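Okay, here's what each chain looks like letter by letter:
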Amino acid sequence: MDRAGLDEVLKRPTVWVCPGLLPAFSVSIHPMVAQLLLGHSRFKSEYFPAEEELFARLAGGVHEPLAMVISCCDARVVPDVIVNSQPGDLFGLRNIAALVPKFGAGHHRAVGAAIEYAIHGLKIEHMVVCGHTHCGGLRALAQGPVKLAAHMPSLAEWLGDAEQVLAHIRPMLAGVDDEELIDHLAYESVPLQLENLLSYPAVTWALSRGRLQLHGWVYDLSSGGLHGYVPEDNAFVPLDSAGRRSIVMPEPRLRELKRE
Amino acid sequence: MIKRETRKLVEGNLRFQSAVFEPQRESFEELLSGQAPRALYVGCSDSRVVAEMILDVVPGELFVVRNIGAIVPHAEDPSATSLGAALDYAINVLGVPDIVVCGHDLCGALGAIVEGTAPRGSHLERWLRKGSTEVEGFDLLDHTEEMTREQLVERFIATQLKTLTEYETVRLGLEAGRLGLHGAVYDPRSGRLRVAMPGSHTFIELKSPEQRSTLLPVVARTDAVSGAE
Ligand SMILES: [Zn+2]
Ligand SMILES: [Zn+2]
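Chains as they are written, first to last, in this note's numbering: chain A, 160 to 419; chain B, 4 to 232.
Extracted from the complex, chain A is given alone in its bound form (with noise of 0.2 Å):
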């Protein structure tokens, strides 16, 4: 789609019709909705009959998803596009910085209840942290959640759960410049993001009983290539033979990973 020449007609009011309802009945909708509407009839007559029989088996109450994937609200990362999957593959649970706050923080219920439900409800058997270059969030930890705090207070609490992150690696970066610091974040925060699934108790439970792995990925927005974390040897490889580097980590730990 044209994005300039969409634009100038979203500017105006849109007039769309209603089926169903009385024939000459038609409402002006929000620009936005509109817009969003248009991708979506775009969806409904073109990718949906296409792909009949997965949907069918989808909608017969089929949710069987491959993985978990906990992963940025990041507009440019998107985990089913990422992994080519189709709808019915991936459970996902999208938050500020792909986080996942310890255990008992008072506010891990968001994700506290999706990780239940994955491994009690849906007997998910993969779960991903999926972390990524040029993270705005994680640009935001790195600038100081205190600074943060007196009009975004949310937002300073969230990644205040992160700072172990920057606590982390600050020493050992001195000297490099921000966008090179914010990029090794990415890497520095998903084994520690792992680490803190530990915490939650239906997590070590289907661990010990070998119904669960834990996944590492931190995807690269310059190549669209995916980097996955080895904890034996501390670093991340790259999930394909593309030649990338592999991204050693600066100091081992995460012993308790390696069981998986």
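It should be emphasised that the hints constitute simulated quantities derived from the structure, not laboratory data. Keep in mind that this is a model prediction, so the values were computed, not measured. Take the hints with a grain of salt, since some may be wrong.
[Stated by the list, open to error] To spell it out: a stretch of chain B is covered by chain A in this simulated footprint if at least three of its residues, at any positions, have a beta carbon under 8 Å from a beta carbon of chain A; those stretches are:
{"id": "1", "region": "15 to 26"}
{"id": "2", "region": "46 to 56"}
{"id": "3", "region": "98 to 109"}
{"id": "4", "region": "157 to 169"}
[What the hints assert, rightly or not] Calculated from the model, a selection of chain B residues having no Cβ within reach of chain A, i.e. all distances over 10 Å:
{"id": "5", "residue": "Ala93"}
{"id": "6", "residue": "Gln154"}
{"id": "7", "residue": "Leu177"}
{"id": "8", "residue": "Ala187"}
Where a beta carbon is used, it is the ideal one built from N, C-alpha and C, also for glycine.
Place chain B with the ligands on chain A using the hints.
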């Protein structure tokens, strides 16, 4: 080392790189400088409800929060921090002009709320209770009205929209006239979307101009819209 299930995901990423990323490398590189999403979408974690597919948007267009049930906890509840942080970031940092809360038919979370089937004392149970279920004197959990599940999810989403206005960032945005709130419900059986009509609990399916029905008069502007394709 990589098990079969994740192998499938990794292979999917390779397909994405070669079939999507590479051919559109320039568009993806434009995204490196930052995101400017058109809306914040709050939806359910359900794997069958993938916002970017249902709305056919490209990466960069939708800032997305997903949790169990597309729940908006009451702003003063401690578990509101996760969503509150996303609202702070979307509204104050990114200047997102619109928020869409999207529920869906066949939602397991809503079923668990209505039937009270979440294990007692679990986080799931406590989380589901955070989904405010009462609006304007109507309590989802204590209703005597005959209501279909479809109507129930619509009421539920209307309720979450109401709860959003408890958040200070949202309230300030609304007062300043720089924020719009929208509700929608997706039906995984038909692939159709119903949207909330402003100021009412009514959700209706709207026909897009390209799919004009011969029965319905398509009035002003629709040509302009399809002309933008
Ligand atoms: Zn991010
Ligand atoms: Zn749901």
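Tested hints:
Counting residues of the region 15 to 26 of chain B whose beta-carbon sits less than 8 Å from any beta-carbon of chain A gives 10, enough to reach three: the coverage restraint holds. Chain A is given as covering the region 46 to 56 of chain B, and this holds because 8 residues of the stretch bring a CB closer than 8 Å to a CB of that chain, at least three being needed. With 4 residues bearing a CB less than 8 Å from a CB of chain A, the region 98 to 109 of chain B meets the requirement of three and the coverage assertion stands. Counting residues of the region 157 to 169 of chain B whose CB falls under 8 Å from any CB of chain A gives 0; the rule of at least 3 is not met.
Not every CB of chain A lies more than 10 Å from the CB of Ala93 of chain B, the least distance being 7 Å, so the non-interface label is violated. Interface exclusion of Gln154 of chain B from chain A stands, the closest Cβ pair being 15 Å apart, more than 10 Å. Annotated as non-interface, Leu177 of chain B keeps its C-beta farther than 10 Å from every C-beta of chain A; the closest such distance is 14 Å. At roughly 8 Å, the least C-beta separation between Ala187 of chain B and chain A is not larger than 10 Å, which violates its mark as non-interface.
Of the numbered hints given earlier, the model fails hints 4, 5 and 8; all others are met.
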